[in-house]
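Start from the sequences and build out the full structure, keeping to the hints where you can.
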Amino acid sequence: GSNLAGIKQNKAKRLLGYSSVGQIGLLMIILGLGDMLGDKRDFIALGILVSHYLAKAVLFWIAGIIEREDIKDWAVLRRNPLLMVLFGSTLFALIGFPPFPVFFAKWELVMLLVKSHSYVMTALILLASFFEAVYLLRWLGYALKLENKDLPAFKTPLFKVLPPALFGILLYSAGWYTGSLVESFNAFNYIPLAFIVVIALLDWLPVWFKNTLSIGGAVTYLVYLYPQVQGDLFRTVFGAIFLVGAVLTLLSGYYQKGKRVGFYPMTLSMFAGLAMLITASNLMEIFYGWELMTIGSYFLLIRGKKSMPHGYSYIMFSVGGSYAMMFGFALAYLSAGHIGLSALTDISVFPMLAYSLMLLGFMTKTASLPMHIWLPGAHGEAVADIHFMASAILLKAGVFGIILVLLGMGKETDYAQTILLVLSWIGVLSALIGNISASFQESAKRLLAWSSIGQLGYIVFALATMTHLGWLMALTYSLTHFLYKGILFLIIGGIAWHLGTADMYKMGGLIKRMPFSFFAVLIAIITLSGVPPLVGFAAKWMNYNLLITEGFVFQGVVMLIAGIIAFLYLFRLIHTIFLGQLKDNLRKVKEINIWFLIPVYILLAAIFYLSFTPSALLRPIGTMLQAYFPEGTLTWTGNLATTSAGYFDGTMILYVIGGVFMTILAFFALITFRKRIVKAGQFNIYYGGEAPSRPELVHFAYNFFAHYNKAIGLVVTPVLHRFWENAGKALHGLSDFIRRIYNGNGQSYAFHVVLYVVVVFLIKAGGM
268 GSNLAGIKQN
278 KAKRLLGYSS
288 VGQIGLLMII
298 LGLGDMLGDK
308 RDFIALGILV
318 SHYLAKAVLF
328 WIAGIIERED
338 IKDWAVLRRN
348 PLLMVLFGST
358 LFALIGFPPF
368 PVFFAKWELV
378 MLLVKSHSYV
388 MTALILLASF
398 FEAVYLLRWL
408 GYALKLENKD
418 LPAFKTPLFK
428 VLPPALFGIL
438 LYSAGWYTGS
448 LVESFNAFNY
458 IPLAFIVVIA
468 LLDWLPVWFK
478 NTLSIGGAVT
488 YLVYLYPQVQ
498 GDLFRTVFGA
508 IFLVGAVLTL
518 LSGYYQKGKR
528 VGFYPMTLSM
538 FAGLAMLITA
548 SNLMEIFYGW
558 ELMTIGSYFL
568 LIRGKKSMPH
578 GYSYIMFSVG
588 GSYAMMFGFA
598 LAYLSAGHIG
608 LSALTDISVF
618 PMLAYSLMLL
628 GFMTKTASLP
638 MHIWLPGAHG
648 EAVADIHFMA
658 SAILLKAGVF
668 GIILVLLGMG
678 KETDYAQTIL
688 LVLSWIGVLS
698 ALIGNISASF
708 QESAKRLLAW
718 SSIGQLGYIV
728 FALATMTHLG
738 WLMALTYSLT
748 HFLYKGILFL
758 IIGGIAWHLG
768 TADMYKMGGL
778 IKRMPFSFFA
788 VLIAIITLSG
798 VPPLVGFAAK
808 WMNYNLLITE
818 GFVFQGVVML
828 IAGIIAFLYL
838 FRLIHTIFLG
848 QLKDNLRKVK
858 EINIWFLIPV
868 YILLAAIFYL
878 SFTPSALLRP
888 IGTMLQAYFP
898 EGTLTWTGNL
908 ATTSAGYFDG
918 TMILYVIGGV
928 FMTILAFFAL
938 ITFRKRIVKA
948 GQFNIYYGGE
958 APSRPELVHF
968 AYNFFAHYNK
978 AIGLVVTPVL
988 HRFWENAGKA
998 LHGLSDFIRR
1008 IYNGNGQSYA
1018 FHVVLYVVVV
1028 FLIKAGGM
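Quick note: the sequence shown, position 475, residue 742 per my numbering, numbers continuous.
Just the calculated beta-carbon pair ranges, DEER-fashion:
1) Tyr969 to Ile938: 33 to 39 Å
2) Lys572 to Val288: 33 to 39 Å
3) Tyr457 to Leu313: 18 to 24 Å
4) Asp499 to Ile841: 36 to 42 Å
Calculated pairs, BS3-like style, for lysine-lysine (alpha carbon to alpha carbon, straight line, at most 30 Å):
5) Lys422 to Lys412
6) Lys573 to Lys996
7) Lys416 to Lys573
8) Lys850 to Lys524
9) Lys307 to Lys323
10) Lys526 to Lys572
Since the hints were derived computationally from the structure, they do not count as laboratory data. Note that the Cβ used here is the ideal one computed from N, Cα and C, for glycine as well.
Structural data, given as structure tokens:
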């Protein structure tokens, strides 16, 4: 009740009071469940108590330093980075994120409660924790993003800062010590965190130094990790996406100047969390990595200028998904008696609920319907390299999690068939809605963000088929999406950073000023659209073979429509930015920064290699997939792949199309040889019977698909956005109603105490 009431509160100390009531209530529950928790009771109670004591001491001390009552005024903390770090750390500690003691305590509490079949109690505790996260993370968002120019400065003498700093160090130390007491947590996981601490301590140094050091750390970890995952299909594929992506992301970071305070610790936190997903040996380590990745990605996404509401939406969906995932893991633990990854296999206690909760948690990162609303805004406001890592890399964490769950669940049982059917429709509808919405965006960044929802929808659908061809398609899409979306995010992000806008109608004709960017985008959209001869065609060929051979008729129709619509936004993307007439204010624009182009052309090289020899990608993945899905495999004869529905030779297709292209090119060169070519002036044209006077009159870019919007715009009416908005309003309304109980009146509180005593007496006496 106190955490629910705190949602409507805007005064800092009262907010801390509500949180304290909730934390003390949780401690009372733990003490009252002594027999149920066994010898873990003291560990759980002390983990929560120590975190609460240290975190609240820091928060109340900071409140005394800045003397701000309204939580919106805490934006003044940004004037003191140390206090800002302490503030954020303590809030995450209270919520239960790693590496703090309460993370381990809450994990053990949930596992043991579910083991004792206290399902309702577990659900209520997780719900109360979610309510606490609602107001604490809103408070953090205000401090990070609200304007603070008009707020009066505050003085921070050293003697005032030392106590909260000391308590902050103790809080982190307690987290390390608590983790060392947990047998299922590998102490090696602290090595990447120690490296992040070193980078944080060096945050005062220039970008180039921290960037170089971070790349060195990522490469070192990649070299260390490869021998461990070699031979494991899924860990190899996603390990490559996560860590090669980390190196390329950091490589593009040299475009920045100055210090870029806070960027590198959070970037490395995100990638450390992703790497931990790959190396995890049990469910706790999976959850630890997931939460660490969430913290890092939140701070990266919220760096955008108008990112506060979108970052808040992202972190709240992430927290809700994490709690759902934890409950599902607890049911797996109840069934198996351990938290090893094999616990995901054949869950016997509420299996449909357990697998559904885990899938729900992982799909918050794939931005599948109906949990997609955070992605367009969060990614649309991100800067270039963050856009790349968030969309091309971060979303794959959800795909990896879904794979783990589906491998454990299988497809033989009735509940599995039901879950897979629902999952397949979530995938195809995400693809359809994502592609349609992308077509109607004016911002190139938002277009790509919606496009990612659509592309991840294809992957989710393919996994839901639980077939060899479907999973081969899903893994191929995951890798190719990383390649072509990496190119698009870096190029479009670089252009937006260069021009100061991502609105496509403000561009046009940039092929003349940015030829290298144009070529990269051209190759990327050809790959994305699945047009031969590039590697994207291999994924689309498998998609249609899958739909035909497995009989997914209705989903296939939706997928076909979604694929056609993808051509619309891809054409718009390249036409409105690069083609048409060059605007006057862009005549002196130069190519984007070389540090964007270097990783882009590395990704292009990978696309060309896989397009020339697609068997280098498909054959080894298909071979390893036979251990999971032995039926319906591709039959290889050299570079020729065959299924029951047809055959595919990517190398021959490349030769044929390349030959046709060169023949046409030679023909045009021949007929124009020695002919005098007259280059017409920009306005030496007639447009609708009139001679245009400025480029804007002949470059149609704004509201590009208005005619389609009238026909199919109803499909993308923000019904789900309104649903979540109304749910938020209802929660705030309920909070306001509950908050009236805490009215500050002593007589009311005395009545509450008397009522409590009477109720307890009647229960003990058997009267109720």
